[in-house]
Every structure is written in C-alpha cells, then in structure tokens.
Amino acid sequence: DTAVSQTPKYLVTQMGNDKSIKCEQNLGHDTMYWYKQDSKKFLKIMFSYNNKELIINETVPNRFSPKSPDKAHLNLHINSLELGDSAVYFCASSQGLADYNEQFFGPGTRLTVL
Amino acid sequence: QQQVKQSPQSLIVQKGGISIINCAYENTAFDYFPWYQQFPGKGPALLIAIRPDVSEKKEGRFTISFNKSAKQFSLHIMDSQPGDSATYFCAASKDYKLSFGAGTTVTVRA
Numbered sequence: 001d002t003a004v005s006q007t008p009k010y011l012v013t014q015m016g017n018d019k020s021i022k023c024e025q026n027l028g029h030d031t032m033y034w035y036k037q038d039s040k041k042f043l044k045i046m047f048s049y050n051n052k053e054l055i056i057n058e059t060v061p062n063r064f065s066p067k068s069p070d071k072a073h074l075n076l077h078i079n080s081l082e083l084g085d086s087a088v089y090f091c092a093s094s095q096g097l098a099d100y101n102e103q104f105f106g107p108g109t110r111l112t113v114l
Numbered sequence: 115q116q117q118v119k120q121s122p123q124s125l126i127v128q129k130g131g132i133s134i135i136n137c138a139y140e141n142t143a144f145d146y147f148p149w150y151q152q153f154p155g156k157g158p159a160l161l162i163a164i165r166p167d168v169s170e171k172k173e174g175r176f177t178i179s180f181n182k183s184a185k186q187f188s189l190h191i192m193d194s195q196p197g198d199s200a201t202y203f204c205a206a207s208k209d210y211k212l213s214f215g216a217g218t219t220v221t222v223r224a
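Chains as they are written, first to last, in the numbering used here: chain V, 1 to 114; chain D, 115 to 224.
Because the hints were derived from the structure by calculation, they are not lab data.
Where a beta carbon is used, it is the ideal one built from N, C-alpha and C, also for glycine.
Be a bit skeptical, because a hint or two may be false.
[As the list claims (entries may be wrong)] DSSO-like, lysine-lysine: derived pairs with alpha carbons at most 27 Å apart:
(1) D:Lys-185 / V:Lys-41
(2) V:Lys-44 / D:Lys-171
(3) V:Lys-67 / V:Lys-44
(4) D:Lys-185 / D:Lys-172
(5) D:Lys-211 / V:Lys-52
(6) D:Lys-156 / V:Lys-41
(7) D:Lys-208 / D:Lys-182
(8) D:Lys-185 / V:Lys-40
(9) V:Lys-36 / V:Lys-9
[Unchecked claim] Listing some non-contacts, in silico: residues in chain V with all C-beta distances to chain D over 10 Å:
(10) Val-12
(11) Thr-13
(12) Glu-24
(13) Asn-62
(14) Asp-70
(15) Asn-79
(16) Leu-83
(17) Ser-86
(18) Ala-87
(19) Val-113
[Said to hold, decoys possible] Label-pair ranges, simulated between beta-carbon atoms:
(20) V:His-77 / D:Thr-142: 32 to 40 Å
(21) V:Met-15 / D:Lys-172: 44 to 52 Å
(22) D:Ser-183 / V:Thr-7: 42 to 50 Å
(23) D:Thr-142 / V:Leu-97: 17 to 25 Å
Given the sequences, and given the hints that come with them, work out the whole structure.
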C-alpha cells in the first residue's frame with residue numbers, strides 16, 4: 001500500500017560512477033518531483049514533471065538527468081558522481097500541477113559518494 | 115539563496131509545553147504557506163497550510179499564525195507530545211514550486 005516508493009534506500013558508490021534512483025507512485029498522480037536534502041536538512045527542488053513533461057529544472061548540473069517513462073515513474077540518473085552529490089534524495093508527487101502545495105514524499109534515498 | 119528563513123534550528127520542549135517555530139519571507143508573490151513534518155528516516159508530510167489572506171489557522175494542536183504586513187508566519191504546537199518530535203519545515207509557494215525553510219528539529223521530553 002506504499003504511496004511513493006524509492007529504490008534503493010541506500011546507495012554507496014565511488015566518485016566518477018554513474019547511478020540511478022528509481023521512484024514510483026501508486027496514487028494516480030500526474031505530477032512528480034525530485035528534491036535534494038543536504039546534510040543540514042535543507043530541502044531543495046531539483047525537477048518536476050507533469051504528465052511526463054518537464055516543468056521545473058532548477059540550476060542542477062547536467063550530470064543529473066530525470067527520466068519519466070510514464071506518469072507513475074520518475075527516475076533520476078546521475079553521471080560522474082562527485083563528493084558533493086552525497087545527500088538524501090526525495091521523490092514526491094502531487095495530484096496535478098495545480099496541487100503542488102500538497103506533495104506526497106517518498107522515504108528518500110541516501111546517496112553516499114566516496 | 116534561501117527565500118524562506120526559519121528559526122530556531124532546534125528546540126527542546128517539555129511534554130505539555132508549547133513549541134513555536136518562526137519563518138520569514140521577502141517575496142510578496144508567494145501565495146501559499148504550508149508546513150511539513152518529517153520524522154527521522156522518512157519523507158516530509160504536509161501538516162497544515164495557510165493562505166496569506168487568513169491570519170490564523172488551527173488544526174487540532176497545531177496552529178499557524180500569519181502576519182502578512184511583517185511577512186512572517188509561525189507554527190505553534192500546543193500541548194506538545196513525545197510523538198511530535200520531528201523536524202518541521204515551513205515553506206512558501208509560487209509558480210508550481212515550494213521553497214522550504216531550513217527546518218527546525220523539535221524534541222519533546224517526556
């Protein structure tokens with residue numbers, strides 16, 4: 001009955017590697033988001049997609065590439081990982097773009113780059 | 115550049131006490147002010163929210179006070195319980211984007 005799920009929960013990798021984080025929501029929502037939460041717990045939007053269309057693309061390095069194969073999935077691929085990419089990444093969804101004030105967050109993926 | 119400033123960074127309150135978290139913003143275009151609650155190891159969850167044309171909103175033990183002229187808003191947790199121990203984020207929204215404050219970790223001592 002999980003609403004927004006992410007895999008993996010933990011990811012430890014070496015600098016320079018490429019990794020992906022997967023997100024799925026079973027709420028029937030049209031809009032999905034990726035957030036980065038740094039070590040000080042500051043939460044910042046990275047991307048949002050509505051019906052598979054990119055809506056928000058914050059000033060994120062182009063090493064980060066979101067991919068939305070369908071409305072229920074929004075995956076995050078990261079190339080050439082750097083130490084500064086270490087953070088907790090949250091996926092979220094909202095019913096629609098107009099409902100962006102109420103977002104449902106996944107449990108997070110803790111990425112550690114060594 | 116943080117658009118929403120939140121304080122304090124952390125607070126400790128005794129069970130039954132009142133927790134108060136303050137937030138301030140500059141951009142008058144913000145049109146909605148939600149609060150999110152995050153438990154350790156979990157994602158944030160919407161707790162309560164207010165529009166700028168309302169000065170106060172109460173839901174159970176949680177109350178938002180909003181001062182539009184001062185561009186400030188605050189969350190009051192009345193009769194704080196150990197189960198309220200969490201990190202609380204204020205946020206402000208416009209243009210399909212939430213801007214979060216830095217978070218306040220609340221610890222309620224039994």
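Okay, the hints, checked on the actual structure:
no.: 1; hint: D:Lys-185 / V:Lys-41; in the structure: holds (23 Å)
no.: 2; hint: V:Lys-44 / D:Lys-171; in the structure: holds (26 Å)
no.: 3; hint: V:Lys-67 / V:Lys-44; in the structure: holds (19 Å)
no.: 4; hint: D:Lys-185 / D:Lys-172; in the structure: holds (19 Å)
no.: 5; hint: D:Lys-211 / V:Lys-52; in the structure: holds (17 Å)
no.: 6; hint: D:Lys-156 / V:Lys-41; in the structure: holds (12 Å)
no.: 7; hint: D:Lys-208 / D:Lys-182; in the structure: holds (16 Å)
no.: 8; hint: D:Lys-185 / V:Lys-40; in the structure: holds (24 Å)
no.: 9; hint: V:Lys-36 / V:Lys-9; in the structure: holds (14 Å)
no.: 10; hint: Val-12; in the structure: holds (17 Å)
no.: 11; hint: Thr-13; in the structure: holds (21 Å)
no.: 12; hint: Glu-24; in the structure: holds (14 Å)
no.: 13; hint: Asn-62; in the structure: holds (20 Å)
no.: 14; hint: Asp-70; in the structure: holds (20 Å)
no.: 15; hint: Asn-79; in the structure: holds (25 Å)
no.: 16; hint: Leu-83; in the structure: holds (22 Å)
no.: 17; hint: Ser-86; in the structure: holds (17 Å)
no.: 18; hint: Ala-87; in the structure: holds (14 Å)
no.: 19; hint: Val-113; in the structure: holds (20 Å)
no.: 20; hint: V:His-77 / D:Thr-142: 32 to 40 Å; in the structure: holds (38 Å)
no.: 21; hint: V:Met-15 / D:Lys-172: 44 to 52 Å; in the structure: holds (49 Å)
no.: 22; hint: D:Ser-183 / V:Thr-7: 42 to 50 Å; in the structure: holds (47 Å)
no.: 23; hint: D:Thr-142 / V:Leu-97: 17 to 25 Å; in the structure: holds (22 Å)
In this structure, none of the earlier numbered hints is contradicted; all agree with it.
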